[in-house]
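Q: The lines below spell out each chain.
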Amino acid sequence: MRIVIENRIDAPRVIVVLVPIASVAMALVFGGILMSIVGADPIETYAAMAEGAFGSPEQWKVGQYYSITETLVKAIPLMLTGLAVGVAFRMLFWNIGAEGQLVLGGVSASAVALWMGDLIPGIPDSAWVYLPMMAIAGIIAGGIWAVVPALLKAYLKVNEIITTLMLNYVAILWYQYLFNVAWKDPAGYGFPGSAKFGECCKIARISGRLHWGLAVAFISALIMWIILDKTKWGYQIRLIGENVSAARYAGINIGKNIVGVMLLSGGLAGLAGMVEVAGISHSLQEGLNVGYGFTAIIISWLARLNPWGIVLVANMFAAILVGGDQIQMTMGLPGSVAHVLQGAMLFCVLGGEFFQRYRLTVKR
Amino acid sequence: MDFALIASIVSIALAAGTSLVYATVGEILTERAGILNLGVEGIMIMGAVTGFAAAFHTESVFWGVIVAMLVGAMMASIHAFVTITLLADQVVSGLAMTLLGTGLASFLGQRLGTDGAPLVGQIGPRFERMAVPVLSELGSIGDSVFNRDILTYLMYILVPIVWVFIYKLRAGLVLRSVGENPQASDAMGVDVFRVRYAYTIVGGMLVGLGGAHLSLSYTPGWTENITGGRGWIAVALVIFATWDPIRSVAGALLFGGVNAIQFRLQAAGTTIPASLLNMLPYILTIVVLVIVTWFESLSKRVGAPAALGIPYVREERV
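Residue numbers (the numbering used here), protein chains in the order written: chain Y, 1 to 364; chain E, 365 to 682.
No lab work stands behind these hints: they were computed from the structure. Positions of the beta carbon are idealized from the N, C-alpha and C atoms, including for glycine. Keep in mind that a hint or two might mislead.
[Stated by the list, open to error] Among chain Y residues calculated to face chain E with C-beta under 8 Å, some are:
id : residue
1  : V38
2  : W94
3  : V158
4  : L165
5  : M166
6  : Y177
7  : I297
8  : T330
9  : M331
10 : V337
11 : G351
In isolation and in its complexed conformation, chain Y is listed as follows (with noise of 0.2 Å):
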């Protein structure tokens, strides 16, 4: 008697619903386990993370939705970044540094906000001149990132893995120096950061810290969900991941196709950055690599690289991120516990996979 690995056809309904369900399941369950050995009680602890990241009935009775705000305040960056490394991932483009495209993004905003009245003396002092200028300059430096390890791949076949992990570090140390030396504000009193921007750099606000970034990243995602489904280039995309040796037969320009998609998942990466300086910091200063990009790729692997998926998921794992503050700042938990159940869940996807693709028949 042996057990026989089986390519499924096509995976039944109830298996698609289960397998992502279930991998949740058991990495919440690893967290718990993880929660009791430090000597909290999980159901308290994961009760305590869902009131931090949607509120309590209580709060939303008197008109207080401070949790769900910052929930999708946090979904926005990861909204951006996960359609970023999401494009990418689909011609088997391993984007690894959308955190360095996003700091990169947030750094020429701020430049845009912080010099652009001195350098074109006369440009009006209006949201409608400074916000776009500030968006295409996020856009073009994380482009820019992106498209020197998408060069090196097309046309040296440089494992774009490794260049575009240590450009993270470049970027985050560059952006580190401006902050707290280059561009530090002579006026505040010594802090590190750079000087506010003026009013016409601020990204409008909604209810509490939500702007309208998050249009911003629904619009972005409508965009994508366009390309990737309903265009050729999106075809083609998909083509060069799914079989490279075949899109090429089918006279699909590679490297063409490698640089214009990390185009893509830069610029989007580097639009992240804008909106967090120009909806949040108000000025180029600590927290724009938190990890949004990292985050963003077990966001878009969950997400199946859909576009709409990422919407959800990010939106998930931003209630996640949230809760683990609140827990860090209620029960004295580390925060890090909502990093290492995201990590959980993409193990349990990964593994979870197996039983969508393959039947494990017994036969004597």
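Got chain Y sorted already, so can you dock chain E onto it with the hints?
A: Just chain E, lined up with the frame of chain Y:
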């Protein structure tokens, strides 16, 4: 050039490079078996935090090393299970390992001190220098190479052993064949799954040991982000070393030497800001990788094991 300067550069390069050698040699063994483990950074940082915690509580660096290696083995076996048995994508599984490892290490670092206190800022035992008689007295160079701690000496011994193992022993031939052509190895009666599991786990142990070197010797103690991308540099060094353990030492010393230059410049009161100097190793990694890849494409010699990253499926599938 005077010997004292060379000796001081060698000294710093060795101190900074030893953990890289362990991690690189570990990853070489894993990749030689055809398994790409991109979880090096995560396993290394877990080795660092658990190794330090164990040494802190037992007051013995020995137990620190043992625990770090066991944790490395455990994490690598998860990667092995997911990629070898469950046939998942090795790139994604490795990335997941790195993300899980860094998250878990940060979590544990805040909890593994005495009575659940954070480990940050705690002072624990560390490896002490032990001069090798005679050799360490051979001038300043002898002193910088042979007046070090046990982990460094272990590295001197490990590298040639692994080299002989890979290239001269039958078991090494089996290892290489599994990475180059698992189908043929299987037909020859080699248990491909067992070999891949074994070397993934052994590789994880060495990576964990590299992490322990960081927290018990190079920068004693636990600090968040103690690895600072060294795990990823190790992954790049594997390519640089063309999967050869001896060459990995050259690569690791090159990177260690960059640290030496940083120290020198800072000591000399350079006006270049520290954060820009700190970019050097990362930029160097990219430059080295580009040069190596370019040379390899010129010589048409493929350095990577042919089956690297490809899951091996034995049973016929419908």
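Q: Would you mind marking each hint as holding or not holding in the structure?
A: Here's how the hints hold up against the structure:
Hint status for Y/V38: holds, given a least beta-carbon distance of 5 Å to chain E, under 8 Å. The interface hint given for Y/W94 holds, since its Cβ lies 6 Å from the closest Cβ of chain E, which is under the 8 Å cut-off. A cut of 8 Å between beta carbons decides the hint on Y/V158: the least distance to chain E is about 5 Å, and the hint holds. Among the interface hints, the one on Y/L165 holds; its C-beta lies about 5 Å from the nearest C-beta in chain E, closer than the 8 Å criterion.
Because the smallest distance between the Cβ of Y/M166 and any Cβ of chain E comes to about 4 Å, under 8 Å, the interface hint for this residue holds. Here the hint on Y/Y177 is kept, as its CB sits about 4 Å from the closest CB of chain E, short of 8 Å. Checking Y/I297 against chain E by beta carbon gives a least distance of about 6 Å; that is within 8 Å, so the hint holds. Using the Cβ-Cβ criterion of 8 Å, the hint placing Y/T330 at the interface with chain E is not satisfied: the shortest such distance is roughly 15 Å.
Because the beta carbon of Y/M331 sits about 12 Å from the nearest beta carbon in chain E, more than 8 Å, this interface hint is broken. Given the 8 Å rule on beta carbons, the hint for Y/V337 holds: about 6 Å separates it from the nearest Cβ of chain E. Interface restraint check for Y/G351: the shortest CB-CB distance to chain E comes to about 5 Å, inside 8 Å, so the restraint holds.
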